[in-house]
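Q: Chains A and B, in that order, give the protein sequences. Residues in the first sequence are numbered consecutively from 1, following my numbering. Residues in the second sequence are numbered consecutively from 1, following my numbering.
These are calculated hints, taken from the structure and not from any lab test. As the structure is a prediction and not an experimental result, all values here were calculated from the model. C-beta atoms are modelled at their ideal positions from N, C-alpha and C, and glycine is treated no differently. Treat the hints with caution; some may be incorrect.
What follows is a set of in silico ranges between Cβ atoms, one per label pair, in the way DEER data are often shown [claimed, not checked]:
| no. | chain 1 | residue 1 | chain 2 | residue 2 | range |
| --- | --- | --- | --- | --- | --- |
| 1 | A | 35 | B | 18 | 29 to 37 Å |
| 2 | B | 36 | A | 86 | 52 to 60 Å |
| 3 | B | 18 | A | 2 | 40 to 48 Å |
| 4 | A | 45 | B | 18 | 36 to 44 Å |
| 5 | B | 13 | A | 63 | 16 to 24 Å |
| 6 | A | 134 | B | 43 | 40 to 48 Å |
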Amino acid sequence: MRVLCRNGFYSFYPRNETDVSRFCSFYKVELVREMDYYTFKNLKGLETYSLKGLLYSNTIALETFEGMPWEILEINNLVYSIALGLLVPKDTITILADVKASNFYYLAGSGLLQSGAVTSSGKKLKSFDAEYYFDIHKLRIREIEYA
Amino acid sequence: MPRILKATCENKIIKIKGVVVNGTVLSSGIGASEGVALLDKSELTYLTTNTTDLKESLVKINDAILKIGEILTSIGAGMTGPTTVPPPTLPTGVVELTNIGIELIQLSEQLK
């Protein structure tokens, strides 16, 4: 299953009929369909604009901006926290990103990567494009973008 | 895709959902108005949908014209002394004033 994280907004693209349910069952999360992908429940239906000073999802927007939800997240310095299931300021993510270069890809150490997490070299993870492998329950990443 | 949002404006201060937002006001933006704000990325432009101030101005001008006609008619009616007569063109002039007022009202009802 392809996993696309854009500026802390997660999209899942199942490749067969069991991908979503298997993922949800293993990680005890709920993924819901949005347009042509699946995403976390609290990311579904995010507005395509934010108004400075007004609520955007569960937090107050810092900027007035119009665009795709992942553009809104970036401009407002927000990411989706997998642990909390909410939008949080990017700077509040302090966990380590376990990412290692492998043959022709990067391998994430465990499960999903949290956008905003910091690698051992001090780089802050921003976006990634990966494949989730159910046999090893890990991500093989084809592309990573750092802040 | 740019969003169109309901907005208000007064003294060039734009508000959306009660919150002040920065943007460009296309109209004069001084008097209180309702309108729409076009939000395209970080660019916001406000346009009023009120045209009542223009309509109100035309109505007031018509009221003034009718009043002028009444005053002139009244002056003419009082010119009954041995050496004063109203000008012969007065009735025609008052009718012309009245017709201008009617045209202004018609214009106010057909504002684009």
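Q: For each hint, tell me whether it holds in the structure or not.
A: Evaluation of the provided hints:
no., hint, in the structure
1, A:35 x B:18: 29 to 37 Å, "holds, 31 Å"
2, B:36 x A:86: 52 to 60 Å, "violated, 32 Å"
3, B:18 x A:2: 40 to 48 Å, "holds, 41 Å"
4, A:45 x B:18: 36 to 44 Å, "violated, 22 Å"
5, B:13 x A:63: 16 to 24 Å, "holds, 19 Å"
6, A:134 x B:43: 40 to 48 Å, "holds, 45 Å"
Taken one by one, the earlier hints fail for this structure at numbers 2 and 4, listed in ascending order.
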